[in-house]
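Chains as they are written, first to last, in the working numbering: chain A, 1 to 379; chain B, 380 to 707.
These are computed hints drawn from the structure, not numbers from a lab.
Do not take every clue at face value.
Cβ pair distances, simulated, as ranges [claimed, not checked]:
| no. | chain 1 | residue 1 | chain 2 | residue 2 | range |
| --- | --- | --- | --- | --- | --- |
| 1 | B | 682 | A | 87 | 29 to 37 angstroms |
| 2 | A | 172 | B | 694 | 38 to 46 angstroms |
| 3 | B | 423 | A | 167 | 33 to 41 angstroms |
| 4 | A | 172 | B | 443 | 40 to 48 angstroms |
| 5 | A | 186 | B | 700 | 52 to 60 angstroms |
| 6 | A | 100 | B | 443 | 47 to 55 angstroms |
| 7 | B | 515 | A | 113 | 32 to 40 angstroms |
| 8 | B | 453 | A | 113 | 14 to 22 angstroms |
| 9 | B | 445 | A | 87 | 35 to 43 angstroms |
| 10 | B | 667 | A | 303 | 51 to 59 angstroms |
| 11 | A | 78 | B | 446 | 44 to 52 angstroms |
A virtual CB, placed ideally from N, CA and C, is assigned to each residue, including glycine.
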Amino acid sequence: MQLGGSTRRAWGVASLLALGLLLVSCGPAAEATPPAQATANPIPTATPTQPAVAIRLNGAGATFPYPLYSKWFDEYAKVSNTQVNYQSIGSGGGIRQITEGTVDFGASDGIMTAQQQAAAEQRGGPILHIPTAMGAVAVVYNVPGIPSGQLKLTPDVLADIYLKKITKWNDPRIAQVNSGLSLPNQDIAVVHRSDGSGTTFIFTNYLSKVSQEWKERVGNATSVNWPGDVGGQGNEGVAGQVRQITGAIGYVEVAYAKQNSIPWVALRNASGSFIEPSLESTSLAAQGAALPDDMRVMVTNSGNPQAYPIAGFTWLLVHQQQTDCAKGRALVGVMWWALHDGQQYAPALLYAPLPQDAVRKAEVQVGSITCSGQPLLSR
Amino acid sequence: MDQPQALEQAQTPGKVWRSLLRRPASPGDGLFRVTTLLAALSLLGLLLAMVVYLFGAAWPAIAHFGMGFLMRSTWDPVREVFGALPAIYGTLVTSALAMLVAVPVSLGTAIFLAELAPGWLRAPASFLVEMLAAIPSVVLGLWGIFVMAPVLQPVERWLAESLGFVPFFRGPVFGGVGFLAGGLILSVMALPIITAVARDAILTVPASQREAMLALGATRWEAIRHAVLPYTRSGLVAASILGLGRALGETMAVTMVIGNGYRLTARLFAPGNTMASKIATQFNEASGLETNALVELALVLFAVALIVNVVGRLLVRWTVARVAGGGH
């Protein structure tokens, strides 16, 4: 029986589809990864055991640590059978998701407000803020003729610039701190973030600490009612505005400023030294005062003599009482790895690694995570 | 019929229901009628559901602020005091600017494409104008901030220095972003729509009208002005309304070039905000009352767009009535 043209075509397509399906399903099987060995570690405490089955974890939150977390979760998947999926939707989104319980962990550049904490704990019990790395905010400027790090500012001058009380670059208060420089008679164009962000949270936290007027008039949040002037979308937006407007001043993540070679200010810290942002001066910010056990602390305006004043932690937000023990164990595993093996990846990606006492506190926090009453970190 | 785009059968509600309830010619016909009715009702239902949801989500803010929300000029997430006035102002100003720039350019382009362009140019040129509509708004926003703003900055500076006594042109200038940049970007977005619809409207003019004018000794321009344009007036108004609708709701492109200021000011070079851009920048990190206030802002935007559309339709109907009543 001769098949008609269209019937033959139909058979041809069907057989091609079948062949395709066959090839796809016979693809290489997922490689079985061996469980991680106990990491060689000077700290004589526990290492978590690996879950027997492959576990998928979901997290969401801050965009700032996204490159670092991306690298971490990638590396961790090679040495364990835990896959972590992280969505960088912003600190606010991370807090919202962990409150609603749609993710296994959240991430934030700022501490949850009392209101947010209460809402999250109402549903799932106490929430831990576990620090993972540190970052800093650089104050960048566009004043031709002044190379990066040469412009010095004091905290009150910076606050008054952002309050629009100091409006020209050659203001006597700025000249006072920069005796060697010739400052132009140029209006200062103040650039801020138009979108809400953790960077703004750290920056306004610092300004609230060093200026009573800022604290009363504007306040500390991821998004505030700025006295002026113009806003940019994201770090790129702010940097773009600063580059474009002569006489502009703005604030961006240090990593961003470094990668794009934008001139930054040497800011006077609480001890009186003018410090430029760097990985070392960022880590030192956490070594100014005793860290609280719950690590819900903003280390801006640190007391450490060599610390950069606008620095802070970035945290993972985790429920202390896990409901899914297998996932909980996997979560504890990835966090322990991040606190120890993971820190080596931070400097290359321009994140400041946690200083030792911050790691200690975080270890205690991770050790306190339980499931059905039993701590998940096995000893 | 003389004016196809203004065609309206005299339908009374009674006639419509009776035609719906009439026994179908066949079961297939009945099924067809029911499915299409469901499709139409679902659209209406979706609209209603959106309004209900928006109201529900905005209710805490509506109850808290009342009418003051529309009058206040601060947006303070720390103190939880929110007011929509600068955002409403920004939306209206940027849309007005967009129309001011886009309508003359679009109408000129449409007349050129429909009447004056040589035959070989007509199709490719129309295609290119329509391709402008295909550019995603984010891409246009990036173009705005990387190309348009740096070009606009020296122009704005010059205007501020020479015409600074006019309140609209007073400095300082912030890198080319602000209300003017927002308005220009919106005009680029509205242009292709207005041009396409206007061009189609002009093409519906029967050749006999033009030929009659030319036979009476009119010049090309006189023929267009007296025979073509009055005929298509309602179509041109409808085209402009469509363009305005797009300009009102546009978010991403405007967000990138509007500069994020929140003050009522006549200065075109000042940074501002539209309702859409305020929602876009704040919603991600908002919590508590701010989220409700943002949804209320969305509700206001919805209302403004609705009002503009209704006014536009009335305007179209009025121009039709004028032309039909006037007659030549």
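Against the earlier hints, flag every one the structure doesn't satisfy and list their numbers going up.
Checked against the structure, the hints that fail are numbers 2, 3, 6, 10, 11, while the rest are satisfied.
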